[in-house]
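4 protein chains.
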Amino acid sequence: MNAAIIGASGYSGEELVRLLSRHPDVKLTAVTSRSLAGKLVGDQMPALRHLVGDLSFTASNPAELAASTEIDIFFLALPHGVASEFADPLYQAGKTVIDLSADFRLGSTRVYEDYYGQAHPAPHLLEAAPYVIPELADDKWKSASLIACPGCYPTSIQLPLVPLLKAGLIDPKGIIINSYSGVSGAGRKVAEDFIYCERNESMKGYGMPKHRHLSEIEEQLEKAAFADCIVQFNPHLAPMSRGISTTIVAKAKLKDSLNSVYDTWEKAYGGKPFVSVLPTGTFPDTKHVTGTNRADISAVYDPRTGNFIINSVIDNLIKGASGQAVQLMNLKFGFEETAGLL
Amino acid sequence: MNAAIIGASGYSGEELVRLLSRHPDVKLTAVTSRSLAGKLVGDQMPALRHLVGDLSFTASNPAELAASTEIDIFFLALPHGVASEFADPLYQAGKTVIDLSADFRLGSTRVYEDYYGQAHPAPHLLEAAPYVIPELADDKWKSASLIACPGCYPTSIQLPLVPLLKAGLIDPKGIIINSYSGVSGAGRKVAEDFIYCERNESMKGYGMPKHRHLSEIEEQLEKAAFADCIVQFNPHLAPMSRGISTTIVAKAKLKDSLNSVYDTWEKAYGGKPFVSVLPTGTFPDTKHVTGTNRADISAVYDPRTGNFIINSVIDNLIKGASGQAVQLMNLKFGFEETAGLL
Amino acid sequence: MNAAIIGASGYSGEELVRLLSRHPDVKLTAVTSRSLAGKLVGDQMPALRHLVGDLSFTASNPAELAASTEIDIFFLALPHGVASEFADPLYQAGKTVIDLSADFRLGSTRVYEDYYGQAHPAPHLLEAAPYVIPELADDKWKSASLIACPGCYPTSIQLPLVPLLKAGLIDPKGIIINSYSGVSGAGRKVAEDFIYCERNESMKGYGMPKHRHLSEIEEQLEKAAFADCIVQFNPHLAPMSRGISTTIVAKAKLKDSLNSVYDTWEKAYGGKPFVSVLPTGTFPDTKHVTGTNRADISAVYDPRTGNFIINSVIDNLIKGASGQAVQLMNLKFGFEETAGLL
Amino acid sequence: MNAAIIGASGYSGEELVRLLSRHPDVKLTAVTSRSLAGKLVGDQMPALRHLVGDLSFTASNPAELAASTEIDIFFLALPHGVASEFADPLYQAGKTVIDLSADFRLGSTRVYEDYYGQAHPAPHLLEAAPYVIPELADDKWKSASLIACPGCYPTSIQLPLVPLLKAGLIDPKGIIINSYSGVSGAGRKVAEDFIYCERNESMKGYGMPKHRHLSEIEEQLEKAAFADCIVQFNPHLAPMSRGISTTIVAKAKLKDSLNSVYDTWEKAYGGKPFVSVLPTGTFPDTKHVTGTNRADISAVYDPRTGNFIINSVIDNLIKGASGQAVQLMNLKFGFEETAGLL
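Chains as they are written, first to last, in UniProt numbering: chain A, 1 to 342; chain B, 1 to 342; chain C, 1 to 342; chain D, 1 to 342.
Do not rely on the hints blindly, as some may be mistaken.
For lysine to any residue, the following SDA-like pairs were computed, each having C-alpha atoms within a straight-line distance of at most 25 Å [what the hints assert, rightly or not]: (1) B:Lys210 with B:Tyr116; (2) B:Lys142 with B:Lys173; (3) B:Lys166 with A:Arg304; (4) D:Lys267 with B:Ala47; (5) C:Lys27 with A:Arg304.
Hints are computed from structural coordinates only; laboratory data are not their basis.
Whole structure, please, built from the sequences with the hints as guidance.
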């Protein structure tokens, strides 16, 4: 099977190149980038020199790609808005597309416009494009050919919360989420705020109270809870390259129900290769999931407040983007779920 | 005026040595440490070589210190429990003592026992020892000779919250606090969990849901609010040497009262040298306060939830410990508030 | 094929567990550690949770291991001296042993005693144990059953230098080497000098002028040069977890012979998967090899001094230890050289 | 006395603002920057908020500044070439100017042109402008009104070497210097190579074999040695914000003369507040000088090679730039040498 990455110049794109180059079941045959077309991938991503041989970036034209017969699966690592320019013709041509942008993450075009500041570029595709965290979805999405890969923060939040909301163990109202992301979360952005001396030894919030991912978080939590779910989401930047650490405070519906939380997680994630449920009192550490497709989660209960405090960690570029995209491909095409991801 | 630091081997002790060595109005004449007695301060704290000359650590005996006539002010940088062994005789001998431990931070011996796992070592002194964040206290404490210097997390929390609770702008119930500390917050602790390769590129929670500082936070917030105040406090370790970043979610009592928050802060901190109130939407950054005695605070309001999100940053070793202690000395003895702290 | 790691509690041991757990051709069946016996590997090395299943550390007894018929290859990740206690009986029992310690790296027992401060523990095995950097050795070593895996600094030094010395392009006299290692080079050592706040934002030399690896470096360079080779080796610690950056100054034997350097490297490393020769003027970056088994090397010529300045980088735990050990196994047993290493 | 900083938008400029704001004997009355004119210094340099009050950046016009009567001393923190545009009229107008650029560091216009790629912009001033590391100069420079402040790498190199060359203890030929700088050495440069994720956990060389500072290093070492002095200078970037670590290999002229090295240093630096000579075997650590105007130096002797290995560390922004500039001002105007620098 042949794969292409469209728009591979960023950090998620680079991680996709790494994962697909090592994948036993697919061949990475095309890597596109408008700005890098003609250049060797190994020169632009020197960390991957031993993996990419003489592969070069190519320019990309949606219509040509749609007409090509060589490529079986397309990963879109493009900005929102731009992704649709590719997704639409590729979808119409019957290709399989896994989109890492925000374009197909939201069900509501109104919310998209509110949060992304522009009209939705391809509303006619929304129904066709399931939003999938593999551990949380049933198998119906596998028949779709356009799949929305969730955002990094939302993945770190939904993995612990969705099963608990579905089981009715926590109050969907009043959830407070604090997330801390490594600097790669900002992408390969060249701006004064992101140079080394500004971010090193620095911790700060940003984008409060209405970060773009909030739209996706609330939409998904509401689906899980069958109820309104207005959350407080506080993103921050932490002085590390990769990793997201999320700490959630949610009201327990029943007293002393920590066991139920763990039972619910056990049922949801027992046997799943990429979610580790840690004992209460063991706090997940971003360092332990960096470079992996794993999420580590745990919870404590505070009898003084009646709250659960839930912690989760992921690698923002892997389980929060490229690794999850590869996991989706694996599952859709019947490969081992862990193929290329260990 | 002559000053002594008792128990100076840790990071707060080192920072006190730095600050007092440069102070225009006092002379640091003694630095004690049981483990380092006899050694040159400059050899143990090479960063201070140019400041400390040939000062050596001495052993310390509470009774002898109490009997000495040379030293005017004692800073106790000792573990809780041990601090009282010095504070008691020094206090009885009429010395001025600024205690950086937890021994005199709590008004309730019951809470002390609950959180620190031992009976309070000097309950008879509690009444005499005011707990003082200088910006939040009236002047009465200045007549005390034993003063409790607040903890690092509590300082980062009280500075933004206390004026708002006093003004009735936020609901004392349901406050959620997430704090992220640089690794020096753990002190100079030699343990596998604190070696470089374990903490570098790592973010994780710890001590939830009942960190020791919670006792101090709640007691002080309740005083400010004249009401019960059960908070959720989530401490974390961040991969940096110094700094605390605190993010607080608190329910606004009135709609659209962000202006009142800023007015209240302006009234509390206008003209204060060590608190900077940043405009809404400007998020404080630990990097900007590292090495200073400053706290930077700001807030945003979320009309969707009715919450304020309040951010604050301090240097945990300075405004969170040694700098605040020096500020207390400055104010008590009528020096410039900023003396030795710029 | 079944593999065992003896003494797996350190960082090199952890990296070996990672690499062997993912290896397509071997099964990691035993992981020993005196201090961790009985504990789950996944609990002690949480970063590997998804790889190790319910594997536990076991205690290890040299005689029992030698008598066992289950295990085909043993990796010794033990301190020098201790390694021989295992290597000897395992070798006598006809097992294949790859030793990551210093015990079989030196040909001379006198030099071993000089640098390691103790008599060589198993001099009778020295002849049987080849010292192998795979890219620099001919195939004879593959018949050996006890193989010495080179040290991290020496690997970063020999890869660029050995072909040049063999080709007579540089003067074996007067070579000056500066190396900078990430803190994991010190192992999982719990000491005040290695806690986060001491090593973060810190750069310093150590162990000059006679670091233990010097013995190994000189012995190997002399073999390559057929001449005496007294080098200056300056090791340092750099504030990062992993990686070695080495900068070598060597006198060119012929003027304007940079092309010959590159030709020689091309001949030595063309087609080798784990050495990348970068163009002159492109300086290798530790970040680009971290997590890989690759060495990146390049050189510039200074006509003012007649010196080559040669730069190389490796991941100290992979090409400098565990990855090289796995590469040795791959080659000895006829697996793909890159198996488990991409 | 009133001071102005011309071109204060970079990191050295920021450090100058910090130092002069706290200086007891001068008042910082003007801070200029073409790009930031009109903006509050405290908004652009939030770390200095508590120091700068409502000082704003102003635009700067060389002629106007030269005509002004308010300012007594000008610090030029400008790029080379641009600095001369200010230095010339200010000098002609009789002002005191301390220039942190390269414009007046070299005695030879030919070498300037060779290394900086342009004709020297003000050759007529070269004779008037002494190049001064205060610890290494006699007092004659104090009568000059235009003073060249040395570069960061050169300061870390000359402090240990110049006394030894003057004393004839080391061979001026064949000196090999490796230096590692924190990322602030590149200034506040906004480029992909300097964003956090590229520099974090990364170590690499650059600018070999002919970094611009080489010209300054050789010119000064030759003056000290009264002999030709062609050195190999290898600069690198290290993953930290500040600090330079320099390791020098130099041939001893006499056997076993380490004592003479220490005697010579003792004579040169005994009683000097900003140079600490550490015992042989104690290696200086950048962390110990960060935030200070201090240089720490030490040396070992290797009897195997007959070389001294000399280590030095400074804070590149302080002793390597702004601190040294303030020290020059202090000495020229008869203030305490350490005023504002402790």
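- Can the restraint linking lysine 210 of chain B and tyrosine 116 of chain B be considered satisfied, given a maximum Cα separation of 25 Å? 11 Å, holds
- Given the hint that lysine 166 of chain B pairs with arginine 304 of chain A, does the C-alpha gap stay at or below 25 Å? 23 Å, holds
- Message: Hint check: lysine 142 of chain B vs lysine 173 of chain B, CA-CA at most 25 Å. Holds or violated?
- Response: At roughly 32 Å apart (the allowed maximum being 25 Å), lysine 173 of chain B and lysine 142 of chain B break the hint.
- Item | Agreement of lysine 27 of chain C and arginine 304 of chain A with the hint, judged by alpha carbon distance not exceeding 25 Å | 49 Å, violated
- Query: Does alanine 47 of chain B lie within 25 Å of lysine 267 of chain D when you go C-alpha to C-alpha?
  - Reply: It holds: about 23 Å lies between the C-alpha atoms, which stays within 25 Å.
In this structure, the hints that do not hold are numbers 2, 5, in rising order.
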